[in-house]
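Once you have looked at the hints, place chain B on chain A.
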Amino acid sequence: MLLRLENRGEISRAMVYASPFIAVVLTLIAGVFLFAILGVNPVDAILSFFVTPISTLDGFAELFVKGTPLVLIGVGLSFGFQANVWNIGAEGQLTVGALAGGGLALLFFESESLFLLPAMVIAGTLGGMAWAAIPAFLKTRYNTNEILTSLMLVYVALLLLSYLIHGPWKDPEGQNFPESRLFPDAGILPVMIETTRMHAGWLFALAAVATGWILIARHIIGFQIRVTGMAPMAASFAGFKEKKIIWITLLMSGGAAGLAGMIEVSGPIQQIVPNISPGYGFTAIIVAFLGRLHPVGVLFAGLLMALTYLGGENAQIEMNLPNAVTGVFQGMLLFFLLAADVLIKYRVKFGGAKTSSTAAAGEAG
Amino acid sequence: MPEWFIPFLLSVVTASTPFVFAGIGELVVEKSGVLNLGVEGMMIVGAVSAFAVGVTTGSGALAVLTGAFAGAAMALIFGVLTLYLLSNQVATGLALTLFGLGLSALMGHGMVGKTFAGLPHLEFPLLEQIPVIGPLIGTLLLGHDVLVYFSVVLMIAVGWFLNKSRAGMVLRAVGENHNAAHSIGYPVNLVRLLAVLFGGAMAGLGGAYLSLVHTPLWVENMTAGRGWIALALVVFASWRPARVFVGAYLFGGLTIMQLHAQGLGIEIPPQVLAMAPYLATILVLVIISRDSALIRLNAPACLGKSFHATG
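The listed protein sequences derive, respectively, from chains A and B.
First residue of the first sequence? That's 0 in numbering that gives the first Met the number 0, and the numbers climb one at a time after it.
First residue of the second sequence? That's 0 in numbering that gives the first Met the number 0, and the numbers climb one at a time after it.
Extracted from the complex, chain A is given alone in its bound form:
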């Protein structure tokens, strides 16, 4: 076991892009073992998990339904992560966005106005922003760790949802289930492909990718965010305001998460229910890393992670596997990705001694 890590001296661009693929392959291999332990035929299980779900038009459309919140939130989070601002409370911002946007639909439940949907989009985004503004304010004003505050606010948001749905927002004509009224048609996102559930929310995800790309590649803010993350000292010498970066990144990610929440209740769910999201806000963290904190990467990573959700559901139906397998897959993927990322800055060398002549020997992943 004489492996050594040697600093490459510069970042390997090739490894930046290769690392997610290495991670996916390793996750699949680990998945084979996982399924074997669970006592199912690994080949059948992998097929049932990753192929069957998208083999029909309905299933394929579902990929975009699940991908929408993941891509939206993932793009938002990737900015903060680049600047070392760790918003891990997107699940809470999503919930508040869903409540703000959905609340509007419930308030005007007899509305037929064309303005309702745009107003819900704005309300959802602002709701998520407001929830993310709390950790931003506490961080910039009181130096409070945003990781812990944003996470605590997830629980507060979920309890708020639970309170509203069991109390004031419960459907007055319903059978005492903890559910709201159904939204009016004017408050429902239109379906894009007939007969499927794929709705117009995906366009917002694409718009977020495009906006994110422009910001990161062309706009001074994107540059400031990257410098702040990579070289905080240099950023402060250059006069970039750290507090401004914290506010911008948290508001952007919170707004994206809030919009995603509004899209969830307005698109696939069409009312407010106790479980709005199966952990999209947390999975989006993995999406952001897997997508290399780049909007285009996030687009593909989001669709891949959407597939793990579909796979989990399908394997539950077809093979009676617990749905929790999804979470295990997602966690493993992030582990393997973080492990493979070591190869970006370091190369692996065999042999303990400092023999630098056989440099290429240990480059393989």
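Some hints could be false.
[Unchecked claim] Estimated spans, in silico, between C-beta atoms of each pair:
id: 1; chain 1: B; residue 1: T114; chain 2: A; residue 2: I213; range: 51 to 59 Å
id: 2; chain 1: A; residue 1: Y16; chain 2: B; residue 2: S291; range: 21 to 29 Å
id: 3; chain 1: B; residue 1: L282; chain 2: A; residue 2: G173; range: 31 to 39 Å
[Unchecked claim] Using 30 Å as the maximum straight-line C-alpha spacing, the simulated BS3-like pairs for lysine-lysine come out as follows:
id: 4; chain 1: B; residue 1: K163; chain 2: B; residue 2: K304
id: 5; chain 1: A; residue 1: K344; chain 2: B; residue 2: K163
id: 6; chain 1: B; residue 1: K163; chain 2: A; residue 2: K240
id: 7; chain 1: A; residue 1: K240; chain 2: A; residue 2: K344
id: 8; chain 1: A; residue 1: K243; chain 2: B; residue 2: K163
id: 9; chain 1: A; residue 1: K242; chain 2: B; residue 2: K304
id: 10; chain 1: B; residue 1: K304; chain 2: A; residue 2: K348
Hints in this document: simulated from the structure, not taken from any laboratory.
None of these values were measured; they are calculated from a predicted model.
For each residue, glycine too, the CB sits at the ideal point set by N, CA and C.
Here is chain B on its own, set in the frame of chain A:
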């Protein structure tokens, strides 16, 4: 003295003990310069493993040991990734939590609905006969399960270890300045790995206490943010074991109080009361963190930084 008083205090002890274990474990980890945000994940895997073993074997001791072992096994993943593969500690800790939540749900799939008899308590029937002080001493002081006493021993032992023992000094040196510690010849990453494993075992133990004693049953996501609150407790306590202990009891008390407030018919929706521990966590973090000089003084200087020996 109202009759609910002693059961109330007993339930505070039960609710606080998981915080003590997880918090003190994480304190040792952070003292060595490592920030493991995966406490929640290690805790919940500890909870489900302990519960599974407890239900199948009926042995409390075996269950508790399994919980600690499972937590340490989770911590090993984190340790290898961050210390030897130099991954980002924040991201890896998050990964550990996400993975742990998924893994525990998978492991606990067949466990929902089962119950565990709980750990044996010390009992002093004769002592409890004495009026007034009998129940107080008999139940409140001597009537707990063995893990409660262990949590007190742990707090004292870790305090002694960090401040008085040679090994503890090395651990702190590694956390304060890993380059200096390395040049003196201390094995930085080995010390950190051991600290991380200890922290994992304690988080697992906290989780085991939760599923074996506090509830005692298995529910998905049953840690409900306790691992994160334990992380906040370490900051709140300015990295001192005795203060982690006090903080743990404050939060345990708060958790139980909101449950009792519901029972007493206070006209606040239960969901709003249930927000209390999370809001309190934010509040104490704000109060502690606003004095950034205080944090800088107490936090280990190398907290969260990877160490890679060159040459």
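Inset, instruction - For the pair supplied as a hint, K344 of chain A and K163 of chain B, confirm whether the alpha-carbon distance does not exceed 30 Å. - result: At roughly 39 Å apart (the allowed maximum being 30 Å), K163 of chain B and K344 of chain A break the hint.
task: Starting from K163 of chain B, check that the Cα of K304 of chain B is at most 30 Å away, please.
output: Holds - the C-alpha atoms of K304 of chain B and K163 of chain B are around 25 Å apart, at most 30 Å.
Against the 30 Å threshold, does the CA-CA distance of K163 of chain B and K240 of chain A hold or violate the hint? Outside the cut-off at roughly 43 Å; violated.
query: Can the restraint linking K240 of chain A and K344 of chain A be considered satisfied, given a maximum Cα separation of 30 Å?
result: Roughly 28 Å between the alpha carbons, so the hint for K240 of chain A and K344 of chain A holds.
Query - Pairwise beta carbon distance, Y16 of chain A to S291 of chain B, judged against the given window 21 to 29 Å - result: Check failed, 39 Å falls outside 21 to 29 Å.
- Beta-carbon spacing of L282 of chain B to G173 of chain A - inside the hinted bounds 31 to 39 Å or not: Cβ of L282 of chain B to Cβ of G173 of chain A: about 37 Å, so the range 31 to 39 Å holds.
Notebook entry, point to check: Is the hinted pair K242 of chain A and K304 of chain B satisfied, with a Cα-Cα distance of at most 30 Å?
Noted result: Given pair K242 of chain A, K304 of chain B holds - Cα atoms ~22 Å apart, limit 30 Å.
Does K163 of chain B sit within 30 Å of K243 of chain A, going by the straight-line distance between their CA atoms?
violated, 44 Å
**Asked** Is the Cα-Cα distance between K304 of chain B and K348 of chain A 30 Å or less?
**Response** holds, 23 Å
Task: Hint check for I213 of chain A and T114 of chain B - Cβ pair distance inside 51 to 59 Å - done: holds, 56 Å
Checked against the numbered hints given earlier, the structure breaks hints 2, 5, 6, 8 and satisfies all the rest.
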